[in-house]
Amino acid sequence: MEFQFAYFVDQLINGVTLGSIYGLIAIGYTMVYGIIGMINFAHGEIFMIGTFLTVIFFMLIIGTITFFPLAVLIVLLMSVLLTSVYGWTLERVAYRPLRGSPRLAALITAIGMSIFLQNYVQLLQGARNKPLTGILEGKDDILRVKYDLINTLNAAGQPYLVTISNLQLLIIILTVVVMVVFSQIISRTALGRSQRACEQDRSMAALLGINVDKTISMTFVMGAALAAVASLMFMMHVSTTDFFVGFLIGVKAFTAAVLGGIGSMPGAMLGGMIIGLVETFFGAYFNQEYKDVATFTLLVLVLIFRPTGILGKPDIEKV
Amino acid sequence: MSDAAIRRPLEPAKIFIELAATALIVAALSITLVGFHVKDVPGGFDVVTRFWDVLAAVVIAVVGRGWLIGLREGVPFPVAVTATPIAGILLLALISDWLFGGTLSETLRPILPFNSSVVQWLVAGIAAMFAAVGVTRAARERSAKSVEASEKFDDDAADFMDKVAAGAQRYTAWIGAGLLVVAVVLPFLPFMNLSTLDIAVLVLTYVMLGWGLNIVVGLAGLLDLGYVAFYAVGAYSFALLASPDSPVLQMMGIKEGVSFWLALPFAGMMAALAGIILGFPVLRLRGDYLAIVTLGFGEMIRVTLLNFYSLTRGPDGISKIPPPGILGYSTQPVMDNDTLENTTEFHTWIGREFDQYDNTILLYYVILVMALLTNWFTLRIRKLPVGRAWEALREDEIASRSLGINPTNTKLTAFALGAMFGGFAGSFFATRQTFVSPESFTFIESAVILAIVVLGGFGSQIGVVVASFLLIGMPELFRELQDFRMLFFGAAMVLIMLWRPSGLLARREPTIRLKDPPARGIRRERIKTREGDAPTTDAQSGDDLATGDRRP
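Sequence lines, in order, name chains S and H.
According to this note's numbering, the first sequence is numbered sequentially starting from 1321.
According to this note's numbering, the second sequence is numbered sequentially starting from 233.
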């Protein structure tokens, strides 16, 4: 019994860590969907570029900056900054010219951009995996420090230790901080107000003097910035990336956004958490290989019984 | 356009800011991913710097942007003067290198530093394009008798694709017949060889998939991002029935599989069944939700194929899938130790040597007939009540529901039929490759098929052919591009969509109308309002998929 509980707590910690990463990416999807009503299919690729930037920046500064937390901070800021430029460019090049075009057109350019960016990164950085551990070479030991939570015996009588590491704490805390900062931006600043106005009615917002193009651009920048934060966490947690990593994570994050109710920021975070937990628990208790199947089945079930997602507003169809 | 004719004063400060912004953004984009290559070396990683490439990217972007501004502001003369010599030098160097194997482009490295001839050609080509546009505009400006003439020329140029699309609509029957004749005689044309015929087979496979998906996306207006799932179901159903390696046959102790022709209908049925099973719960979802669920379904099928080892042999795949036979004769040379002892070879029967080209001809005609059947089926079913119900639902779901159409069932038929054709194409794929594995059924396939339908222009059957040729045929023909193939593929998807947002040969008219469409009038009106935001064409009535704006 004790062991069962310990195992559960262990998986819970893993699930929440993973869920935080999904949630941050899901916010990027949900914000863009809320404001222009399209699936930004290339958002997963923005995340992928974030992981590569993380690798490159760590590679560049790890030799000169020995104090690891400072190095992380610098990498975070740089990668947020430059990933945002990618987000901005993506919107400017592929989506802005298609405002008011058939909705599928934007979806196709999004998929096209996604293919383009994958191959762009593959051509420039090679197709091989890039493991961050090989670059940090143990300089990140401080993140691996673990705190014991539960000490028990497993079914075979061996000691079973449930721990939480500095890294896991950092991921969870950073997610909370970023969430708070972003909800404040959305609810308090002029930018957030314009975003909410555009979300409700774009043409009315334009009539009232809001620069709609700029607001949408900023939404993409914010989404990309969150993806960059998530990519740093992902790199420290999973440690390896390649040019294709964005696809599956992107799809899952979008699933999270739909699950939580698309257009709602707390919903995206909640959806991310649920996806992370379902994936972890399904893998831990049932079958590791079919965990993605479980995620999508959950999505289908939620959409059938609650089509607007968990926290979504009901979408009344008018004639 | 009128703003080209009315010469506004240039604003140097504004132009400078624009150029500086371009430089800054391109620098920010390229400094990391282009500038530093994290390379794995024995025992760790190393950084290779490529700052010249970054600088070149910035310079090229700024020059290109400058030319764009020049064309936009209506000052083509400086563009022509600068672009022509640059394009000339680059092209001369590249062409002389290409012809005589020299190293002139090596000496141009300082201004063209990318270590790849593809990128060098691309840069030279873009410069040449600017030169051509600049020179024609500059020449026209000198010779144009009046502003109106110049304006008309611009309008005509912009309208060119519209005219092509309209022409394609008007002469659909003739173009279709012409294409059909070409398709029928293609294998016997003198320039064809095994590899080009193989490409033709591949293109036709995608044409068939495109036509199949067109039933779902084009006619019924359902956005399906997981079409590859049905393709996979068809391929695996056939492989499991036909291959002597199939775990199912082995379990039942059967040595010889079913022939292609017998298995084909079964594979289609299995795919249609998969379509019904998936469609039943999810078809009441709208637009994007449906897209993401179908995408998820596609991934689920792939993951299952990968992990259900006892049925699908997982990542190893199923091999030894027989090619289609003719009249019970095998089209492959029969080996001594083959399980098919009783089978006679078709080529010995008709008294010919075995030739791979002959076999490819057979495959070519099989897929041609299958594709044409799909097309014929689509054209016919559009005129049946169920086809009309699909189009009605696509145009206005609420109105159709009020008139007594059951939306879920109607959509389900479209979904199942589309899936069935996907299954047919899948079994053809299996028999052509003689091997199936989950790798062939990734999301990218679904994306490619959807791109073919959308780029071609919804509901346009000829558009699908054109798009398949552009997206599948062209990259295959230019295999030398190698690594750049998918890069250009992605870029082409974006550029074509930006150029023609409703598809190359857009045609989204309902098959029937209450009255004859006032075709000319509508086209006039469309030309007039082309500048405006609101699409006023008949082609874009306000349904969920077609409009950019969501409903309030």
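These are computed hints drawn from the structure, not numbers from a lab.
Glycine included, each C-beta is placed from N, C-alpha and C at the ideal position.
A couple of the hints might just be wrong.
[To be verified] Every beta carbon over 12 Å from chain S, so not counted as near; a handful from chain H, in silico:
| id | residue |
| --- | --- |
| 1 | P497 |
| 2 | G549 |
| 3 | V726 |
[As the list claims (entries may be wrong)] Pulled a few chain S residues facing chain H out of the computed Cβ check, cut under 7 Å:
| id | residue |
| --- | --- |
| 4 | I1359 |
| 5 | E1609 |
| 6 | I1630 |
Numbers of unmet hints, in rising order
3, 6
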